[in-house]
Amino acid sequence: MSTEKNVLIAGFGGQGVVMAGNVLAYAAVEAGKNLLATVSYGAEMRGGTARANITISDEEIDSPIVEVPNVAMIMNAPSFAKYIETIEPGSHVIVNSSMIDDELIKSKDGDLKITKVDATNHAIKMGNIKVANIIMLGVLVKTTGIIDRDSIINGLQRAFRKDKKGLYYINVQAFEIGYSTKL
Amino acid sequence: MPETIDKKSSSVGKKVLLKGNEAVAEAAIKAGCDAYFAYPITPQTETAEYFSKRMVDLNRIFIQAESEVAAINMVFGASAAGARVMTSSSSPGISLKQEGISYIAGAELPCVLINVVRGGPGLGNILPSQADYFQTTRGGGHGDYRCITLVPNSIQECYDMTMAAFDLADYYRMPVFILSDGIIGQMVEPFVMHEYSPMFANMPKKDWALTGCKGREPNVVRTLYMSPADGLEQLNRRLFAKYEKIEAEYRDCQQISCDGADLIIIAYGATSRIAKAAIKKLNKNGKKVGLFRPKTVWPWPGPELVELVKNNKKAKFLVIEMSMGQMIEDVKLSLMDVVKKDWIYFYGMGGGWCPTPETICEKVNEVLG
Chain H
799 MSTEKNVLIA GFGGQGVVMA GNVLAYAAVE AGKNLLATVS YGAEMRGGTA
849 RANITISDEE IDSPIVEVPN VAMIMNAPSF AKYIETIEPG SHVIVNSSMI
899 DDELIKSKDG DLKITKVDAT NHAIKMGNIK VANIIMLGVL VKTTGIIDRD
949 SIINGLQRAF RKDKKGLYYI NVQAFEIGYS TKL
Chain A
45 MPETIDKKSS SVGKKVLLKG NEAVAEAAIK AGCDAYFAYP ITPQTETAEY
95 FSKRMVDLNR IFIQAESEVA AINMVFGASA AGARVMTSSS SPGISLKQEG
145 ISYIAGAELP CVLINVVRGG PGLGNILPSQ ADYFQTTRGG GHGDYRCITL
195 VPNSIQECYD MTMAAFDLAD YYRMPVFILS DGIIGQMVEP FVMHEYSPMF
245 ANMPKKDWAL TGCKGREPNV VRTLYMSPAD GLEQLNRRLF AKYEKIEAEY
295 RDCQQISCDG ADLIIIAYGA TSRIAKAAIK KLNKNGKKVG LFRPKTVWPW
345 PGPELVELVK NNKKAKFLVI EMSMGQMIED VKLSLMDVVK KDWIYFYGMG
395 GGWCPTPETI CEKVNEVLG
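Note that the protein sequences, when read in sequence, are chains H and A. Counting with the numbering used here, you get residues 799 to 981 for the letters of the first sequence. Counting with the numbering used here, you get residues 45 to 413 for the letters of the second sequence.
Just to be clear, a hint being listed does not mean it is correct.
[Claimed, not checked] Residues of chain H clear of chain A, computed beta-carbon distances all greater than 10 Å:
(1) Gly812
(2) Leu834
(3) Asp860
(4) Asp900
(5) Glu974
[Unchecked claim] Rough simulated footprint, nothing fancy, chain H against chain A, three-plus residues with beta-carbon under 8 Å:
(6) 178–187
(7) 230–243
(8) 292–304
Calculated directly from the structure, the hints in this document are not laboratory data. C-beta atoms are modelled at their ideal positions from N, C-alpha and C, and glycine is treated no differently.
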């Protein structure tokens with residue numbers, strides 16, 4: 799149980815919450831770990847809230863219900879407000895400071911280890927706002943060591959087939975920027 | 045999510061990631077499902093979405109019907125023509141299909157049905173639930189009939205059981221249900237995608253199918269027997285002889301740390317996974333708690349449950365369901381002569397939320413005192 803990481807990824811629909819979850823899930827398979835993932839479902843829409851939970855463990859994962867995430871990546875202010883207090887104290891939380899007000903972050907940082915990433919602005923600079931999620935994932939992987947770098951690259955390959963108009967390449971680039979934290 | 049599974053089957057034998065709703069579709073395709081008919085409904089729509097892509101690639105039949113009633117009658121027709129067919133839906137949609145399911149059972153036709161159960165009654169909600177247990181295990185539509193019902197609790201089982209469902213349906217000539225739910229259908233975990241191989245060495249020929257009768261006597265597929273001499277009595281007796289045979293041959297269950305347990309949790313599907321997590325915690329704290337998990341709910345593994353009591357006379361039982369208590373009736377029927385009535389406890393919920401390992405631990409501690 800001690801090796802179990804419950805990762806929460808949250809943001810608004812269209813920010814690539816589910817895709818970031820997919821990449822992490824594929825990477826976990828590539829790393830030979832057990833995993834169980836769930837995403838919010840229902841009346842979802844672009845602009846609405848989206849959530850993905852990915853549990854990664856060296857041991858068998860029994861319960862599909864994640865109550866207390868111990869790693870989180872939060873991409874917008876409403877998700878920050880909604881989930882920040884559900885996260886286990888002492889956990890690493892990567893937040894998208896392009897979209898979450900500094901004051902709000904300061905008011906809630908408590909015992910959490912918060913890393914601010916200007917992800918959306920940086921993604922815009924890269925020419926594709928959609929890669930903000932993978933920039934943040936790079937920071938998350940670097941900060942927590944949850945999965946090794948090579949497995950993430952393999953995971954990106956499974957999520958973005960190389961034939962998908964260069965999406966694979968720009969996402970690898972985005973991941974490397976986050977991972978090296980050259981922001 | 046779905047991971048791209050291509051025509052060349054390059055993913056076979058590898059660990060792949062799919063949702064439960066997608067794994068059942070891929071298993072059906074591998075098992076030779078010729079036609080799939082359905083109407084969208086949350087939380088099962090990924091199954092239809094997945095079929096819509098793959099069936100076109102394979103030049104097989106995918107139809108998004110105009111309604112659930114239309115979809116099940118398409119299943120009826122295609123099955124009568126000898127095809128391997130499947131439909132899927134979620135609770136309110138399965139209710140709409142019941143007339144057709146009764147006809148298919150009455151006509152002794154094979155088909156595979158998937159119910160990704162959501163909260164009810166009525167439109168209820170789209171959250172996970174197990175409140176369709178009665179409907180599924182007691183037939184569901186009108187008349188005397190049963191459907192074999194397999195209950196997966198992992199994505200591997202979603203895949204394996206769907207393959208088995210096609211074989212069981214053809215072998216016994218009857219509808220077979222996969223009883224999933226909003227958790228199992230929506231969750232993703234890695235599983236090994238093996239190739240299909242039939243579970244019976246001698247699958248019966250479909251010599252009853254309506255394939256055009258040129259050069260042979262016409263086959264008849266019907267469910268109407270107007271006069272007493274026409275054979276309804278014989279049909280029902282034949283069906284029930286078959287059901288008895290299935291009850292003897294195809295019950296299935298899993299038992300985890302039941303030996304010497306003070307309390308045995310009985311749960312199926314998603315609930316059994318949550319219970320297993322709770323049991324590990326309880327065992328670590330020195331509590332002797334086991335799990336009895338039905339993998340088929342019809343046929344009901346009652347004899348296995350009774351056998352369990354023979355070997356452990358001091359165990360109390362806790363039935364956990366995401367319903368107000370349905371499977372518990374089968375448990376009580378099985379155990380009425382061997383376990384004191386007040387030793388069978390219940391923990392259930394009405395569709396608004398799911399149990400958690402913590403709430404199960406609390407309930408267990410309450411029962412064990």
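Here is how each hint holds up against the structure:
1. Gly812: 17 Å, holds
2. Leu834: With a cut-off of 10 Å, Leu834/H comes too close to chain A, as the shortest Cβ separation is near 5 Å.
3. Asp860: Label violated. Min Cβ-Cβ 4 Å, cutoff 10 Å.
4. Asp900: Holds: least Cβ distance 34 Å, greater than 10 Å.
5. Glu974: Answer for Glu974/H: holds, closest chain A Cβ roughly 24 Å.
6. 178–187: violated (count 0)
7. 230–243: holds (count 5)
8. 292–304: violated (count 0)
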